[in-house]
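Colleague: Spelled out, the chains give:
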Amino acid sequence: MDFDEVLMMLHHCKWQQEELMDRFYDNREKLLADCGINKSNDTVCGFNHVSSFSCSICCEDYSAVETFSLSCGHEFCINCYGSYVRTEVTLGNLIRCMIPSCNLSIPHMVTHGEYSHNVLLKAATISHISGRKVNYKWCPAPDCDGLVHLLKARKTGQSRLEDVNEFEELVDSESADLQSIPIVLCPRDHEFCYACQYENHLPCTCLLVKRWIKKCNDDSETVNWIDANTRACPSCTASIEKNGGCNHMTCSTCKHQFCWICLGEWSLHGTNYFRCNSFSSDMKEQIGEQKKVKRESLQRYLHYYKRFALHESSMKGDIKTLDKVHQKMSIFMEEQSKTNPNILSWIDVQFLQDAFRALTSGRKTLKWAYCFGFYLQKGNYADVFEQIQEYLSRSVEDLSKIFEQIIHKDNRGKSTAIIMNQKLDIMNLSSLITKRRKTLMECASSGLADGLLKLEML
Amino acid sequence: MSHPFYKRILKEYRSLQKATLPGIELVSNNEELSEFEFEMVVLNNHQLYKEPVKLIVKLTDEYPVAPPKVKFLQEVGAYDIPMHPHVYSNGHICLNLLGNDWTPACSIESILLSLQSMLESNTKQERPPDDARYVRYAPAYASASGFVYHDDSV
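Chains as they are written, first to last, in the working numbering: chain A, 3 to 460; chain B, -13 to 140.
Just chain A, same shape as in the assembly (with noise of 0.2 Å):
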């Protein structure tokens, strides 16, 4: 067996090992015929230069040609084979000879020299994958091109995910186990949810999230905004604000003169407002009330989004920042091993690395952990949640402010100089980020499962 027929019987039983297996080992030649292998004919299968050809496709007569054959012999011009497996392998199948009755095959081998550059191969695979969408995920960072195959899926104890399918349904899902969340990593590093497909987002659930972004996408939050603060013109229902000034308005648009507490039209009034005030003084505490309520809704919404927000924008200057310390720590390492090459190695500085990981991992988790607490109920256990936020916080800024100097134009020339003299401390902080990251983790989904913590569905 050469490797190209390994190839071709893989490609025929679908990329099944086992089932490659059995049928092999059950009847092996009548898997080399359904794979349209053939071992016994002499003509070779290939490429041949020929003077004289008479093609039976395109009826041309040629005086010179290249054309190709499987060991079957049938022998046609390359232009017609060519756009014969051109039109082919857009299927995803094994390719088999142009004459129907002829059951053998193309080897993948021919359709490129190389098998990373295989079209055969590539059509394959994409129509394994696309076959199988519930079992393949690809990553969704932005230029990545990262592919997660799940192997088995597994809830949290003994349980398993039997379909996969499941995890459709946890997207939806009011469950708060944050345990069952099948955060994975893609081949390039990119940590994402298997589930909805958004980077990692615990300590949120997934429907936490869907709502959030909807929330945060939504313009209700400036309706909320429009409607606490401001009152519709009675006239012409342009919204305005009161900024200060007594509570005789003039609309700037429509040039309405009305009351600011009843609406009324000033004319009215004359010159004696307090007639107004008394008159309807229980109508504007209910409205008032009403407005006051929107009012604080939205500032605790804002809180919370600003936070998410700032930690988002930071998250994309830091990552800004660490492209440029990796450059420096690049360029000086390459120096360095010209002039003396035992001092520092790779290993030396694989902190850095780890730091780079561990800082954006812990905006993320930070960025997170503001919607979750927007959906949080108020109580005790809440703020040891908060408290252990704010610690998280405390270290990732610091992190982020070290890397920040090194890029600081003032240190120009001195940058790594600061990591090795700084390396204690980075190394220190980054140990202390994850491990901070992974008590707020287990604060949040312990919290959940004992009911010491609970969502408000807003």
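Don't take each hint at face value.
[Claimed, not checked] Restricting the straight-line Cα-Cα distance to at most 16 Å, the calculated cross-link-like pairs of lysine to aspartate or glutamate (EDC-like) are:
1) B/K44 x B/D66
2) B/K(-3) x A/E62
3) B/K(-7) x A/E62
4) A/K318 x A/E201
5) B/K(-7) x A/D63
6) B/K(-3) x A/D63
7) A/K416 x A/D400
8) A/K124 x A/D147
9) A/K456 x A/D385
The hints are simulated quantities; they were obtained by calculation from the structure and are not laboratory data.
Knowing the structure of chain A, use the given hints to seat chain B on it.
Modeller: Same frame as chain A, but now just chain B:
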């Protein structure tokens, strides 16, 4: 502009003109050799198919890499769409050879022969199970409508 496979089509055309296939006759074709009409007699199934049927074969620019578009034609008082579990009442045909099983080594002739034998071996005087629904939404020619092959045994 002539067809990239003009020579091949010309060769097929000449052979079709000679009418070497029993029961199959080329009735007409256009000047560009992209549309052919055939009259077909089903030789060995007189209980079901007493009258001859009419077929239109349309070659696309991709022929012979892509299969031609083939359907039965109805002409009031002359030709009817034959009854067959793979033939829709608008003349569309559900046949592997016109889809996935097509290779450039097949020809108009091989399609005609396989259609003839499809009718000859038929015993059921019925339409496909989804005929009414299919015919309502079907495109002009069948290949774009993505057939599900109902039953390969017929």
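Colleague: Hint by hint, note whether the structure agrees.
Modeller: These are the hints, each one checked on the structure:
Between B/K44 and B/D66, the direct Cα distance comes to roughly 19 Å. Violation of the 16 Å bound is thereby established for this hinted pair. Between B/K(-3) and A/E62, the direct Cα distance comes to roughly 10 Å. Compliance with the 16 Å bound is thereby established for this hinted pair. Simply put, B/K(-7) and A/E62 have alpha-carbon atoms about 7 Å apart, close enough for the 16 Å limit, and the pair holds. Taken as a hint, the A/K318 and A/E201 pair is honoured in the structure, with Cα atoms around 14 Å apart against an allowance of 16 Å.
For the given pair, B/K(-7) sits about 10 Å from A/D63 by alpha-carbon distance, which is consistent with the 16 Å threshold. Among the hinted pairs, B/K(-3) with A/D63 is consistent with the structure: their alpha-carbon atoms are about 12 Å apart, no more than 16 Å. Note on A/K416 and A/D400: the hinted pairing is violated, with a Cα-Cα distance of about 20 Å set against a maximum of 16 Å. Proximity of A/K124 to A/D147 is assessed by CA-CA distance (about 14 Å); at most 16 Å being required, the pair is judged to hold.
About 12 Å separates the Cα atoms of A/K456 and A/D385, which keeps this hinted pair within 16 Å; it holds.
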